[in-house]
Amino acid sequence: AQSVSQHNHHVILSEAASLELGCNYSYGGTVNLFWYVQYPGQHLQLLLKYFSGDPLVKGIKGFEAEFIKSKFSFNLRKPSVQWSDTAEYFCAVNALSSGTYKYIFGTGTRLKVLA
Amino acid sequence: GAVVSQHPSRVICKSGTSVKIECRSLDFQATTMFWYRQFPKQSLMLMATSNEGSKATYEQGVEKDKFLINHASLTLSTLTVTSAHPEDSSFYICSARFRGPYNEQFFGPGTRLTVL
Numbered sequence: 001a002q003s004v005s006q007h008n009h010h011v012i013l014s015e016a017a018s019l020e021l022g023c024n025y026s027y028g029g030t031v032n033l034f035w036y037v038q039y040p041g042q043h044l045q046l047l048l049k050y051f052s053g054d055p056l057v058k059g060i061k062g063f064e065a066e067f068i069k070s071k072f073s074f075n076l077r078k079p080s081v082q083w084s085d086t087a088e089y090f091c092a093v094n095a096l097s098s099g100t101y102k103y104i105f106g107t108g109t110r111l112k113v114l115a
Numbered sequence: 001g002a003v004v005s006q007h008p009s010r011v012i013c014k015s016g017t018s019v020k021i022e023c024r025s026l027d028f029q030a031t032t033m034f035w036y037r038q039f040p041k042q043s044l045m046l047m048a049t050s051n052e053g054s055k056a057t058y059e060q061g062v063e064k065d066k067f068l069i070n071h072a073s074l075t076l077s078t079l080t081v082t083s084a085h086p087e088d089s090s091f092y093i094c095s096a097r098f099r100g101p102y103n104e105q106f107f108g109p110g111t112r113l114t115v116l
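Chains as they are written, first to last, in our numbering: chain A, 1 to 115; chain B, 1 to 116.
Check before you lean on any hint, since a few could be wrong.
[Stated by the list, open to error] Pairs of lysine-lysine residues, derived as DSS-like cross-links and limited to a Cα-Cα distance of at most 27 Å, are as follows: (1) A:Lys71 / A:Lys58; (2) A:Lys49 / A:Lys71; (3) B:Lys41 / A:Lys61; (4) A:Lys61 / A:Lys112; (5) A:Lys112 / B:Lys41; (6) B:Lys14 / B:Lys64; (7) A:Lys49 / A:Lys69; (8) A:Lys58 / A:Lys69; (9) B:Lys41 / A:Lys49.
Think of the hints as simulated: they come from the structure by calculation, not from any bench.
Please take these sequences and the hints and turn them into a complete structure.
Have a look at this one:
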């Protein structure tokens, strides 16, 4: 079965530190990949997405992600985090399952940025 | 574009009552809508997929009779939690997609259900 792994469950960083959150998926077919952010008590917001083309994707708020097909990975990066980046981050894969495309979400990474 | 709304945003109900949550695509026709559930500090779990005019397809372990889904039009899907109990308290999120090359889903803001 398809799955998405986010190995870092909790990450604590100081402001201005660099961030990299891992995301690996298991699916052999064509995938669309997404990173979402959920601020405390708020709804899901799309950070960035990959469908095809340049494997380095730039999103909102200074985030970027790199699709490495050979590693089945789509890691999220930000060169310098801010206190306001404190949130939960979800990686998702859109894959064909039982005849329809469905999103499979990772378990999420809770990021805390210390001021 | 591609805005999805949910109503209500929060609902508190007594145990044993039924609660209906609406999901609307505001500026596009949604051929498929999805319902997710998110427990506190956990990820989103897909509950069911619904196509306009047909019965919903439920994920394994989701009770069809408890979570009634109706996708009556291309812009509206409803989730009814029947005979709600405290363990049904959760954040329910819908998403919608239109017919396109990437099958991208657009998410609603969610509905927080608290069953007393």
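Each hint tested on the structure:
1. A:Lys71 / A:Lys58: Roughly 20 Å separates the two Cα atoms, so the pair holds.
2. A:Lys49 / A:Lys71: Within the cut-off at roughly 18 Å; holds.
3. B:Lys41 / A:Lys61: holds, 23 Å
4. A:Lys61 / A:Lys112: Measuring from Cα to Cα gives roughly 16 Å; hence the hint holds.
5. A:Lys112 / B:Lys41: holds, 14 Å
6. B:Lys14 / B:Lys64: This hinted pair holds, its Cα atoms lying about 21 Å apart.
7. A:Lys49 / A:Lys69: holds, 15 Å
8. A:Lys58 / A:Lys69: holds, 17 Å
9. B:Lys41 / A:Lys49: Given that 27 Å is the threshold and the Cα spacing comes to 23 Å, the pair holds.
Against the hints set out earlier in the document, no violation occurs for any number.
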